[in-house]
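Q: Sequence positions in the sequence shown follow our numbering and run 30 to 372.
FYI, nobody ran anything at the bench for these hints, they're computed from the structure.
Any given hint could turn out to be false.
[Unchecked claim] Within a straight-line C-alpha distance of at most 25 Å, the following computed SDA-like cross-link-like pairs (lysine to any residue) qualify: (1) K58 with L45; (2) K302 with Y257; (3) K41 with N65; (4) K336 with R155; (5) K58 with V118.
Remember, it's a predicted structure, so these values are computed and weren't measured experimentally.
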Amino acid sequence: MQLSDRIGRRIKLQHLHVLLTIVQAGSMKKAAALLNTSQPAISRSIADLEQTIGVRLLDRDTRGIEPTEYGRAMLKHGVAAFDELKQGVKSIELLADPGGGEVRIGATTYIGEFFVSAVIERLSRRFPRIVFHLITADESDRLLRELSERNIDLLIGRKVDRFDDEQLSFEILYDPPLVVIAGSRNPWVRRRRIALAELVNEAWVMPPPDGMLGRTYLEGFRASGLDYPRTTVFAAAPGVRLNLVATGRFLTMTTISVLKLSKRPGIKVLPVKLPYTSSPAGIITLKSRTLSPVAQLFIDEARQVAKPLGRRKAGVRWMSAHGRTPRRREPSVEEESTQRVVD
């Protein structure tokens with residue numbers, strides 16, 4: 030009998046469920062308690078599964094139970110199988126109740142505060158019974174791990190050096206320019222042209238330079254031959270920085286997309302020419318995962334929200350925030366038009 034025939038006829042979902050539970054619990058006894066069954070029944074399920082597959086899946090010693098190399102492979106694909114079944118159930122639920130369902134989104138704090146919240150607000154108006162789970166983090170490593178472990182459906186973030194092109198799919202949503210902003214009462218707003226070097230000793234509110242966002246901004250200053258500016262307040266949260274800038278005392282660097290989405294009054298883009306130092310923001314998903322209909326609804330809405338935020342243009346060399354030197358260019362019409370008070 031071929032292996033595929035044995036899998037179809039003899040492997041049960043219950044066997045995989047027992048295997049997953051044992052590894053998570055660390056012992057047969059604990060797994061039996063979690064599954065509300067007996068330890069001999071747990072042992073029989075694993076024995077049946079090992080006999081069907083033809084290899085040992087678990088190593089047992091005085092310290093507990095650990096999966097073998099074969100067990101780890103089975104666990105990896107078993108998790109994927111259960112996830113696909115779960116997505117299938119979600120699809121059936123949405124067919125039965127088109128306005129319901131749930132979606133789990135990961136995002137960096139910066140993107141989550143403005144862009145993802147805007148998408149949720151719009152989509153929740155159309156489908157008020159959808160439940161949204163938003164997980165945010167300052168660094169992308171945790172979010173990529175949550176995605177790879179299938180704890181979130183999709184990730185809205187930037188494509189960074191640690192991005193795994195073999196397992197992950199990336200779709201660009203927007204790629205807006207960086208700008209320097211000040212409150213409308215700041216004396217610098219009266220200037221028609223400003224060199225970035227003139228501002229480095231002003232009072233800045235900036236993210237820490239060793240964080241993901243700070244590293245992006247640091248590249249912007251270094252591309253102009255400058256170090257990180259004199260920072261009076263270190264704060265990564267964009268809302269905090271915009272609040273302080275609006276007082277007229279501080280400067281900060283941000284993107285046009287944040288200004289468009291935040292709609293903060295009394296903030297002006299200063300006429301400072303900057304090298305374009307940005308990584309595009311986009312949708313990151315697992316290539317091997319089937320998305321639920323609700324997750325696809327979120328992606329479709331995200332594309333609509335992203336349309337006015339700035340997209341990659343042909344003929345312009347765009348730079349990642351991780352070490353390539355940008356080519357200077359004249360500001361676009363969109364950038365020139367933002368040199369006014371943002372309402």
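Q: Does each hint hold? Answer for all of them.
A: Right, here's what the structure says about each hint:
At roughly 17 Å between alpha-carbon atoms, K58 and L45 fall within 25 Å of each other, so this suggested pair holds. The hinted pair formed by K302 and Y257 meets the criterion: a straight-line CA distance of about 17 Å does not exceed 25 Å. The hinted pair formed by K41 and N65 meets the criterion: a straight-line CA distance of about 18 Å does not exceed 25 Å. Restraint check for K336 and R155: satisfied, since their Cα atoms lie roughly 19 Å apart, inside the 25 Å limit.
A C-alpha spacing of about 31 Å is found between K58 and V118, which places the hinted pair above 25 Å, so the restraint is violated.
In this structure, the one hint that does not hold is number 5.
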